[in-house]
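Since chain B is already given, all that's left is putting chain C on it; use the hints.
Number of protein chains: 2
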Amino acid sequence: MQEQIKVAVDAMGGDHAPAQPVKGAVEAVARRKDVHVFLVGQKGVIEEELKQCAYAGDQITVVDAPEVIETAEPPVMAIRRKKQSSIVVGMNLVKQQEADAFVSAGSSGAVLVGGQVIVGRMKGVERPPLAPLIPTEKGVSLLIDCGANVDARPSHLVQFAQMGSIYMKHVMGVEQPRVAIVNIGAEEEKGNALVKETFPMLKNCPDIHFVGSIEARDIPKGEADVIVCEAFVGNVILKLYEGLASTLMRVIKQGMMTSLKSKIGGLMVKPALKQTLKAFDATEYGGAPLLGLKGLVVKTHGNAMAKEVTNSILQCATFHEQEINERIKNKLEISSKEE
Amino acid sequence: MQEQIKVAVDAMGGDHAPAQPVKGAVEAVARRKDVHVFLVGQKGVIEEELKQCAYAGDQITVVDAPEVIETAEPPVMAIRRKKQSSIVVGMNLVKQQEADAFVSAGSSGAVLVGGQVIVGRMKGVERPPLAPLIPTEKGVSLLIDCGANVDARPSHLVQFAQMGSIYMKHVMGVEQPRVAIVNIGAEEEKGNALVKETFPMLKNCPDIHFVGSIEARDIPKGEADVIVCEAFVGNVILKLYEGLASTLMRVIKQGMMTSLKSKIGGLMVKPALKQTLKAFDATEYGGAPLLGLKGLVVKTHGNAMAKEVTNSILQCATFHEQEINERIKNKLEISSKEE
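Top to bottom, those sequences are chains B and C. Note that the working numbering has the first sequence beginning at 10, numbered continuously upward. Note that the working numbering has the second sequence beginning at 10, numbered continuously upward.
Just to be clear, a hint being listed does not mean it is correct.
One copy or any two copies: either way a pair holds, since identical chains are not told apart in the list.
Below, computed lysine-lysine pairings styled on PhoX-like, alpha-carbon distance capped at 20 Å [as the list claims (entries may be wrong)]:
| no. | residue 1 | residue 2 |
| --- | --- | --- |
| 1 | K283 | K272 |
| 2 | K248 | K199 |
| 3 | K262 | K230 |
| 4 | K147 | K262 |
| 5 | K287 | K270 |
| 6 | K262 | K279 |
| 7 | K178 | K340 |
| 8 | K262 | K272 |
| 9 | K42 | K272 |
| 10 | K262 | K287 |
| 11 | K104 | K199 |
| 12 | K262 | K283 |
| 13 | K212 | K270 |
| 14 | K230 | K248 |
| 15 | K248 | K287 |
By construction, these hints were calculated from the structure, which means they are not laboratory data.
Looking at chain B on its own, in the form it has when it is part of the complex (with noise of 0.2 Å):
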């Protein structure tokens, strides 16, 4: 018999639960016969939501997690407390090795808390990173760090490119991966303490195609498809992204409605704009991964549909079956032994 991958999604978490994530491990299970979902919740209420949608195959469990945290909880305490919650449940699954990911739309902080003090790090990995795909006008580049953890040192920024670049050579299939640094000009000498401090650490890394500082006007180019920060600028540069794109929307929205004319026009380009702005949506390539725990945690949008949470859970396939874990912790001895 073929491998099982094994996923477990929070079917609690996010603005749409339990509907979305349950339609979305529906839609994955559907499309490969090798993927084991545990739908992690309320029990009653998601078999009443997989009755809807006429579910009757044996891909997918029911575990049962009566608890909820809700995304304004503080995460350490949650975590600490609620252990009959989806996210710990779920993550106790990945750190008992009965599932190979987790995949949850639930509390950001809870998620990063829940990674670290549940699943924990590998060995190796100095602190793990939410790297979240962005979308760029040549596709998607890994925005790599997210995460909670702010006031990075230097070694944190070399395993990021690390990671970042096995992550998407082996997921998302770029060959060789240019990694640029976050920075306030092109030059060497130009940025803060610490990317001056990393940049020639990042330089001399042999494992990584390291192209230089990308300045943020080039992000939306596609110009680097391993983008370092620490968590605070990475945090700054991806929800400005959505904000500033989902206000534009909303402006040109609004300029196409001021006129019968361009009401009319307006409706002529609009399944061309949908089509192009497709290209522009992160979510088709699923959630954003937690790099660097023993098992995978991947963070979708708060937002997030079915779509998002079905790429999310292919994505965690894509991940296991390319041992990314196996590559990282590789990648990081043998670091660790040049030293």
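Structure of chain C alone, referenced to chain B:
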């Protein structure tokens, strides 16, 4: 006789020099009879441009500066060596109080260095911030600091908040400017070391209207008037703003060109879109002031057209009329006494 406001303009700076700065100056003096402009740069070239504009008035004086600082030159060296460059000559006019302000589209680095080294900081100002206006759904916000001095201290950020509030109130006419600090979450306990230390200081600062943290996604919505951050983060926000907006526009235009139907639709929405997006164009308001100097220095975009130069000159006039530097001086003196 009415008091003249004297503004020096770098006629050699930027991608469209000398034509656009000269044109911008001619337009500015046409709008305000009490403004006198010193056009600084290669005399013959400027006089030729003035002829093209058919300018024959007495509100413009040409000041010869035969040397030109290129964008790629190391700024400190350029300022030190090219004493006869338009930037050094223009800044010296401000230093010697022959001009009230200096406007340049030239090398950012040279303008920032020149501002500090030639014009000099006001007494009490720890660090002069560069504060561009960025467009939002509701108008514009002041993003302070986007300069070249990274790794700021909390006390710098508090002064940025104070200076930015004065600017937004008295130059932009915002009655009670809302001040927010860029952060990765809304709660007070979130953030990196700098933000955590600065937050309570802003909260306790009596003469600003502090509204707390702002996440990057809310910046385009216009949820604060004065957005405080250190220069590395500010630079990332500013550049990403410009880069993402222009990339999205390009992608949308491409989308409109995909079929005959969408092309016709595109032509029909174009006027309405142009109008809407005009509101999303900060050059309508002038350039970025470098605050806290003994005189005003305004940096316009490298690709500034005449309109931005004109608006920057008018902005200098308002700055002078509203006695912004007097207000900053008084505010910082009071603050330092309170400590």
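Which hint numbers does the structure go against, in order from smallest to largest?
9, 11 and 13
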